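Protein chains: 2
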Amino acid sequence: MKTLRLAVLGFGNAGRAYARLLLEKDQELRQQYGMAVQVTAIVTGRHGTWEEAAGIDLHRALADFTANSSRTGLEVARDADYDALVELTPLNIATGQPAIDHIRTALRRGKHVISANKGPIAWAYRELKALAEEQKVGFYHETTVMDGAPVFDLVERTLPLARVTEVSGILNTTTNYILEELAAGKDYDAILAEGRRLGFVEADPAMDVEGYDAAAKLTALLNVLMDADLTPDRVERQGIQNITAADIRDAAARGKVIKLLCRGWREGGVLHATVAPAQVDRGSLYATIDSTSSLVSITTDLMGKLSLVEHAPLIEQTGYGILVDTVRLLQRLTGICP
Amino acid sequence: MKTLRLAVLGFGNAGRAYARLLLEKDQELRQQYGMAVQVTAIVTGRHGTWEEAAGIDLHRALADFTANSSRTGLEVARDADYDALVELTPLNIATGQPAIDHIRTALRRGKHVISANKGPIAWAYRELKALAEEQKVGFYHETTVMDGAPVFDLVERTLPLARVTEVSGILNTTTNYILEELAAGKDYDAILAEGRRLGFVEADPAMDVEGYDAAAKLTALLNVLMDADLTPDRVERQGIQNITAADIRDAAARGKVIKLLCRGWREGGVLHATVAPAQVDRGSLYATIDSTSSLVSITTDLMGKLSLVEHAPLIEQTGYGILVDTVRLLQRLTGICP
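As you go down the protein sequences, you meet chains A and B in turn.
By my numbering, the letter at position 161 of the first sequence is numbered 161, and the numbering carries on one by one without gaps.
Numbers given in my numbering equal positions in the second sequence, counted from 1, plus 1000.
Simulated from the structure, these hints should not be mistaken for lab results.
These figures come from a predicted structure and were not determined experimentally.
Hints are not guaranteed to be accurate.
The calculated lysine-lysine pairs, modelled on DSSO-like cross-linking and capped at a C-alpha distance of 27 angstroms, are [claimed, not checked]:
#1 1136(B) - 1002(B)
#2 25(A) - 1305(B)
#3 1256(B) - 1186(B)
#4 305(A) - 1305(B)
My request is simple: use the sequences and hints to build the entire structure.
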């Protein structure tokens, strides 16, 4: 049986959820596509690298990770033997690195790429996409915005011939959580402490609070869906750092809720991209997006406006999104389409 | 250039919107799929039938329909020369006829079928699907629920390997409109009169008001997405005919809104399907679905819960959905996939 050999860079929660799904769906993938998926390299952040030309036993990798190599992610991308690179390393949102270098290296070698890392899509999409096309390889990135929810696939696979004219949404769960807790009357520092405990807030929440994460996601959406050539630093961006409990109470008194909204649209040939807190009606779709849920609304010339809501995802949904990208690659390799 | 020859049964608003899109996207389809789409027969309800082996000029059909045949829809399905039947005839929701006969006839001849008619999907999906598979032809029906919004494609094309465990939604716009107007304090008869004028309410609104249309849509969803073998008469169904303005006021006083909800799920191997008015929280996603908008929420084992909202569609969106089904057929015929 033909195999698809993967080099996986990053083996945190999402990578482990993906590995569990590869095990669970192994037989089904073989049956549907006549190919076996093998992981021939896993590079972790702190537990070293495991390489195995015959395929790593993922049960063992999950239970008892055994490094046998000291190669870095870049070295594996550059020198290891694999068919597709799965890029799951931690994100430097201000540069997109080292993920961009990993992906560029793989694409230049004619390897397919699956990225769960939004940095490369926000900072270098056009270059990487062109490189993938030139090399005639696949480049998939469904989980870079809204976890495994099919945001990119919704447009690419279900809305053929339609042109996206506007994208909007609520894409950052940390700010969503903070605004909700402020509205519930809690103190800002207490919210951050509790949010860190629950895993909703990073040790340094600045990237979320200042709207930078949302801007990166909006940029990824616009680069892919509207053929923009945008970078996150060019998004007109305002975070929630200046929103006070009093602002939220004032808004509530007028039937409004404050949400961090993302919006991108073209007007007279010019692309606009904004991230900013907005007062939305309490009865609006935006207001219903609570805590870890998120929303993307997509307007097209042919299908009007559609909204996709992802309700309270778990890390398993990110693993699933990476699996879907793997399925898309198998479809490409085999010509077997749904 | 190879052609895909269509026999179109029904040429009302949706059929005409579809014809306009076929004209508009003709070049793009030829470029992408290397095939030309031709309409070789159009059967109208009151203006006769037009057949043209070399392809009907759709500009002329739209501007000045010229019947040249007296064949009925069934006769065209049975005897005419075409590759795919496009079934857009008016629905008899209590039987699914004559659409089922049209489709069965076409499939038995080994013709592909596109249906915008939910009757066949609600009443005879399993039989027709099996027949299409046996004949190795395509059977597409995206517009039967939520116009052109990609409800079926969302699952089939963007959620591979996932199993649908629950479907819910607000699928009938007439009842949505009536409940809203009742909430606004209007009189029931005045609402119906105004609704008829605006095109939101049928001459005989019973099928909508009594929940039958919603039950047919729910049945279509469950038959396709959950492999149910359901018919609309077996849905546990309650309409809005007994909902009074006082009920709505009482609900509002408790922060609730009344909506006609559809829900289908499996429990212990048994499929449940219900349509009934429900009191939903004013701040819930359900409550935001106003007037002509609609909602489907889909829960799967691998991707959790996703919701798709279609905002205030026009008839053009139904035409687009039929075009998307045509694109899917072209993809099947050419092996060219996104």
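Cross-check of the supplied hints:
A C-alpha spacing of about 19 angstroms is found between residue 1136(B) and residue 1002(B), which places the hinted pair at or below 27 angstroms, so the restraint holds. With a CA separation close to 20 angstroms, the supplied pair residue 25(A) and residue 1305(B) stays within the 27 angstroms bound. This hinted pair checks out: residue 1256(B) and residue 1186(B) have alpha carbons roughly 18 angstroms apart, not beyond 27 angstroms. With a C-alpha separation of about 20 angstroms, the suggested pair residue 305(A) and residue 1305(B) falls inside the 27 angstroms cut-off, and the hint holds.
Checked against the numbered hints above, the structure breaks none of them.
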